[in-house]
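S.K.: If you want the building blocks of each chain, they are given just below.
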Amino acid sequence: MKSKKYFVSKLFITLLFVLLSIVILIPFWAIFVGTFQEGSMLIRNGLNLKLDFSTANLDNYITLFTDSGEYFNWFFNSMLLTVIQVVLTLFISAFVAYGFAAYDFKFKNILFIFVLLIMSVPFEMLMLPLYVQINDMSLSDNYAAILLPFLAHASTIFFFRQYLTGVPKELIEAGRIDGASEFGIFFRLIMPIMKPSFAAMAILNGMNSWNNFLWPLLVLRSSDKYTLPIGLNTLITPYGNNYDLLIVGSFFSIIPILVLFLCFQKYFIEGMTAGAVKG
Amino acid sequence: MKKILYSKKAAPYIFILPFVITFAVFWLIPIIKSGYMSTQKILPGQSTFIALDNFKRLLSDRVFFVAVANSFKYMILTLVLLIPIPILFACLINSKFGGSKLTNFFKTAMFVPALTSVVVAGTIFRLIFGEMDTSLANQFIGLFGAEPVKWLKESFTGFAALLSLACWRWWGVNTMYFIAGLQNIPEDYYEAASIDGANTWQKFINITIPQLKPTIVYVLTISIYGGLAMFNESYMLHQGNNSPNNIGLTIVGYLYRQGIEKNDMGYACAVGIVLLLIVLIINIPQLMATGTLKNGER
Chain Y
1 MKSKKYFVSK
11 LFITLLFVLL
21 SIVILIPFWA
31 IFVGTFQEGS
41 MLIRNGLNLK
51 LDFSTANLDN
61 YITLFTDSGE
71 YFNWFFNSML
81 LTVIQVVLTL
91 FISAFVAYGF
101 AAYDFKFKNI
111 LFIFVLLIMS
121 VPFEMLMLPL
131 YVQINDMSLS
141 DNYAAILLPF
151 LAHASTIFFF
161 RQYLTGVPKE
171 LIEAGRIDGA
181 SEFGIFFRLI
191 MPIMKPSFAA
201 MAILNGMNSW
211 NNFLWPLLVL
221 RSSDKYTLPI
231 GLNTLITPYG
241 NNYDLLIVGS
251 FFSIIPILVL
261 FLCFQKYFIE
271 GMTAGAVKG
Chain R
1 MKKILYSKKA
11 APYIFILPFV
21 ITFAVFWLIP
31 IIKSGYMSTQ
41 KILPGQSTFI
51 ALDNFKRLLS
61 DRVFFVAVAN
71 SFKYMILTLV
81 LLIPIPILFA
91 CLINSKFGGS
101 KLTNFFKTAM
111 FVPALTSVVV
121 AGTIFRLIFG
131 EMDTSLANQF
141 IGLFGAEPVK
151 WLKESFTGFA
161 ALLSLACWRW
171 WGVNTMYFIA
181 GLQNIPEDYY
191 EAASIDGANT
201 WQKFINITIP
211 QLKPTIVYVL
221 TISIYGGLAM
231 FNESYMLHQG
241 NNSPNNIGLT
251 IVGYLYRQGI
261 EKNDMGYACA
271 VGIVLLLIVL
281 IINIPQLMAT
291 GTLKNGER
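In the order they appear, the protein sequences are chains Y and R.
Counted from 1, the first sequence has number 165 at position 165 by this note's numbering; the numbering is strictly sequential.
Counted from 1, the second sequence has number 266 at position 266 by this note's numbering; the numbering is strictly sequential.
The reader is advised that the hints may include incorrect statements.
[Said to hold, decoys possible] Straight-line distance between alpha carbons at most 30 Å, and here's what the computed DSS-like set of lysine-lysine pairs gives:
no.: 1; chain 1: R; residue 1: 33; chain 2: R; residue 2: 56
no.: 2; chain 1: Y; residue 1: 195; chain 2: R; residue 2: 8
no.: 3; chain 1: Y; residue 1: 108; chain 2: Y; residue 2: 195
no.: 4; chain 1: Y; residue 1: 10; chain 2: R; residue 2: 262
no.: 5; chain 1: R; residue 1: 150; chain 2: R; residue 2: 73
no.: 6; chain 1: R; residue 1: 262; chain 2: R; residue 2: 56
no.: 7; chain 1: R; residue 1: 33; chain 2: Y; residue 2: 4
no.: 8; chain 1: Y; residue 1: 108; chain 2: R; residue 2: 33
no.: 9; chain 1: Y; residue 1: 266; chain 2: R; residue 2: 96
no.: 10; chain 1: R; residue 1: 96; chain 2: Y; residue 2: 4
no.: 11; chain 1: R; residue 1: 101; chain 2: Y; residue 2: 195
no.: 12; chain 1: Y; residue 1: 195; chain 2: R; residue 2: 96
no.: 13; chain 1: R; residue 1: 203; chain 2: Y; residue 2: 10
no.: 14; chain 1: R; residue 1: 203; chain 2: R; residue 2: 101
no.: 15; chain 1: Y; residue 1: 108; chain 2: R; residue 2: 262
no.: 16; chain 1: R; residue 1: 203; chain 2: Y; residue 2: 266
no.: 17; chain 1: Y; residue 1: 169; chain 2: R; residue 2: 8
no.: 18; chain 1: Y; residue 1: 225; chain 2: R; residue 2: 262
no.: 19; chain 1: Y; residue 1: 106; chain 2: R; residue 2: 33
no.: 20; chain 1: Y; residue 1: 10; chain 2: Y; residue 2: 266
no.: 21; chain 1: R; residue 1: 96; chain 2: Y; residue 2: 10
no.: 22; chain 1: Y; residue 1: 266; chain 2: R; residue 2: 213
no.: 23; chain 1: R; residue 1: 41; chain 2: R; residue 2: 56
no.: 24; chain 1: Y; residue 1: 4; chain 2: R; residue 2: 203
no.: 25; chain 1: R; residue 1: 150; chain 2: Y; residue 2: 108
no.: 26; chain 1: Y; residue 1: 50; chain 2: R; residue 2: 153
no.: 27; chain 1: R; residue 1: 73; chain 2: Y; residue 2: 50
Keep in mind that the hints were calculated from the coordinates and are not lab data.
Kindly generate the complete structure, drawing on both the sequences and the hints.
M.R.: Here it is, written out as structure tokens:
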């Protein structure tokens with residue numbers, strides 16, 4: 001029964017989606033256009049939506065690939081840290097989440113409350129104590145300081161535990177009857193069925209890690225260890241010359257994480273749905 | 001040894017061990033230390049015990065209250081903008097009205113801003129909201145005949161820029177949460193309601209919203225703390241921690257200023273403790289009321 005009302009709503013929603021998509025993508029278009037302009041011009045005139053072919057050139061790209069100082073060093077550091085962080089966080093958080101989901105043990109409730117508390121307290125509020133702790137442990141300017149506090153990641157643990165409560169206990173029992181050890185059950189039976197939730201968390205953790213700003217800003221001191229956001233931030237000075245690299249470098253920095261997202265997007269919603277908070 | 005490791009009794013403790021260690025070393029000990037430091041006057045090489053003087057100083061610190069007010073204002077406005085609108089987007093996307101190709105494109109487009117680092121997003125938005133006549137924001141309001149504005153110099157327009165940045169980056173993420181929540185609502189609820197003659201609006205109010213409640217609570221919780229903890233966006237938009245008249249100063253910005261920029265760790269720790277209490281006071285009753293804490297006891 002497709003009434004007139006149906007078509008009006010369809011037209012309205014189509015228009016709304018098209019319009020909103022355009023508005024959301026405008027900043028990306030603007031920075032893309034900006035990569036063909038001189039930095040000093042951007043500071044003077046701001047970003048533009050029209051590509052002016054009389055002044056557009058590829059100089060910024062040439063700078064990026066030939067004379068960008070430490071840019072690709074930062075790029076590589078970010079890639080490395082993101083990969084390590086995502087792999088270890090997913091593995092360790094799943095490991096812990098399975099402990100919470102599959103067993104009853106002493107102190108379980110109080111420990112899980114701690115998970116929830118860390119989840120609901122913003123890291124920024126605890127960053128100074130953590131900063132002092134890292135300095136006391138002589139870990140400043142060390143990647144370990146960026147990684148270690150977040151590998152058993154509270155909200156990832158929470159998400160995985162939600163996901164795992166949907167797994168039938170019979171599966172675990174069947175594993176035990178077959179003579180698998182507790183860890184064997186986790187590695188061989190549980191991890192494979194967690195794939196969709198891994199995809200969802202890989203995207204969220206990958207995003208966080210690739211774009212992580214405040215904590216690396218506090219921890220990292222030497223410029224050869226900088227990650228991309230920290231490095232790009234050093235280019236933000238009121239002088240025009242750095243803007244050439246800043247804009248093209250910023251634009252370029254979006255690409256890896258965008259590729260990751262587009263690859264896993266299919267599983268993303270599926271994973272989010274399965275691990276979604278349930279009443 | 002191997003026997004202990006493989007016993008069913010020890011297994012749960014080994015599974016949760018990484019969390020226990022992380023919690024103790026990187027959260028519990030630092031918090032206790034910070035509580036201790038908040039009672040000290042810390043100078044390089046020497047600390048003196050000054051009891052609650054840091055907290056007394058806080059009460060008469062006008063800039064601190066500016067920061068608290070800004071953070072609360074930002075938090076409340078983001079709640080208004082970042083929850084109802086994404087729920088609506090999620091329902092529209094879920095309604096399949098837009099055609100599957102367009103809907104998928106829209107979904108992807110909405111999410112992509114969340115992938116940009118705050119440094120990149122902040123740089124783009126600082127240029128968009130530039131004070132020159134030719135900045136995109138000024139060109140846009142020029143279409144309606146308005147005079148160019150110095151966006152980032154005034155409190156009201158500065159906040160508008162900050163909120164646009166927040167909406168741009170977070171609408172997509174929150175919409176995703178709600179889409180995930182919507183998929184968990186059984187289809188028969190809607191069918192039954194249709195048979196009873198309910199219209200779209202009634203279905204939305206009586207089925208969608210109650211069923212989405214767990215997701216709404218979750219997004220509400222992370223939005224409250226995300227709002228109160230906002231720092232990066234303001235830091236990038238204002239090119240550092242010093243905005244004109246502190247219009248962009250937030251609680252975390254103040255923490256950063258005292259602890260890192262002024263190196264007054266004792267006082268900064270006192271600020272941190274007050275904040276921790278504020279967030280716990282807001283979030284714990286909420287988590288308890290909605291049963292998230294009870295979930296752990298299952």
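S.K.: Now look at each hint and say whether the structure bears it out.
M.R.: Tested hints:
1. Simply put, residue 33 of chain R and residue 56 of chain R have alpha-carbon atoms about 20 Å apart, close enough for the 30 Å limit, and the pair holds.
2. As the CA atoms of residue 195 of chain Y and residue 8 of chain R are separated by approximately 25 Å, the hinted pair is consistent with the 30 Å bound.
3. Taking the CA atoms of residue 108 of chain Y and residue 195 of chain Y, the gap is about 26 Å. The hint holds against a cut of 30 Å.
4. For a cut-off of 30 Å, the pair hint linking residue 10 of chain Y to residue 262 of chain R is broken: about 57 Å separates their Cα positions.
5. Among the hinted pairs, residue 150 of chain R with residue 73 of chain R is consistent with the structure: their alpha-carbon atoms are about 21 Å apart, no more than 30 Å.
6. Pair hint residue 262 of chain R plus residue 56 of chain R holds up; C-alpha atoms about 19 Å apart against a cutoff of 30 Å.
7. Between residue 33 of chain R and residue 4 of chain Y the alpha-carbon distance is near 67 Å, which puts this suggested pair outside the 30 Å criterion.
8. A distance of roughly 26 Å separates the Cα atoms of residue 108 of chain Y and residue 33 of chain R; the hinted pair therefore holds under the 30 Å criterion.
9. Simply put, residue 266 of chain Y and residue 96 of chain R have alpha-carbon atoms about 17 Å apart, close enough for the 30 Å limit, and the pair holds.
10. Of the pairs offered as hints, the one joining residue 96 of chain R and residue 4 of chain Y holds, with about 17 Å between alpha carbons and a cut-off of 30 Å not exceeded.
11. With a C-alpha separation of about 26 Å, the suggested pair residue 101 of chain R and residue 195 of chain Y falls inside the 30 Å cut-off, and the hint holds.
12. For a cut-off of 30 Å, the pair hint linking residue 195 of chain Y to residue 96 of chain R stands: about 27 Å separates their Cα positions.
13. Of the supplied pair hints, the one linking residue 203 of chain R and residue 10 of chain Y holds, its CA atoms being roughly 19 Å apart against a limit of 30 Å.
14. For the given pair, residue 203 of chain R sits about 26 Å from residue 101 of chain R by alpha-carbon distance, which is consistent with the 30 Å threshold.
15. Only pairs whose Cα atoms come within 30 Å are accepted, and residue 108 of chain Y paired with residue 262 of chain R is rejected, the gap being roughly 42 Å.
16. With a C-alpha separation of about 29 Å, the suggested pair residue 203 of chain R and residue 266 of chain Y falls inside the 30 Å cut-off, and the hint holds.
17. Of the pairs offered as hints, the one joining residue 169 of chain Y and residue 8 of chain R holds, with about 15 Å between alpha carbons and a cut-off of 30 Å not exceeded.
18. For the proposed pair residue 225 of chain Y and residue 262 of chain R, the alpha carbon gap of about 25 Å is at most 30 Å, so the pair holds.
19. The suggested pairing of residue 106 of chain Y with residue 33 of chain R holds, with an alpha-carbon distance near 28 Å, which does not exceed 30 Å.
20. A distance of roughly 25 Å separates the Cα atoms of residue 10 of chain Y and residue 266 of chain Y; the hinted pair therefore holds under the 30 Å criterion.
21. The suggested pairing of residue 96 of chain R with residue 10 of chain Y holds, with an alpha-carbon distance near 9 Å, which does not exceed 30 Å.
22. With a CA separation close to 25 Å, the supplied pair residue 266 of chain Y and residue 213 of chain R stays within the 30 Å bound.
23. As the CA atoms of residue 41 of chain R and residue 56 of chain R are separated by approximately 13 Å, the hinted pair is consistent with the 30 Å bound.
24. Only pairs whose Cα atoms come within 30 Å are accepted, and residue 4 of chain Y paired with residue 203 of chain R is accepted, the gap being roughly 21 Å.
25. For the hint linking residue 150 of chain R to residue 108 of chain Y, the alpha-carbon distance of about 55 Å lies beyond 30 Å, and the restraint is violated.
26. A hinted pair counts as satisfied when its Cα atoms are at most 30 Å apart, and residue 50 of chain Y with residue 153 of chain R qualifies at roughly 27 Å.
27. Pair hint residue 73 of chain R plus residue 50 of chain Y does not hold up; C-alpha atoms about 36 Å apart against a cutoff of 30 Å.
Checked against the numbered hints above, the structure breaks hints 4, 7, 15, 25 and 27 and satisfies the rest.
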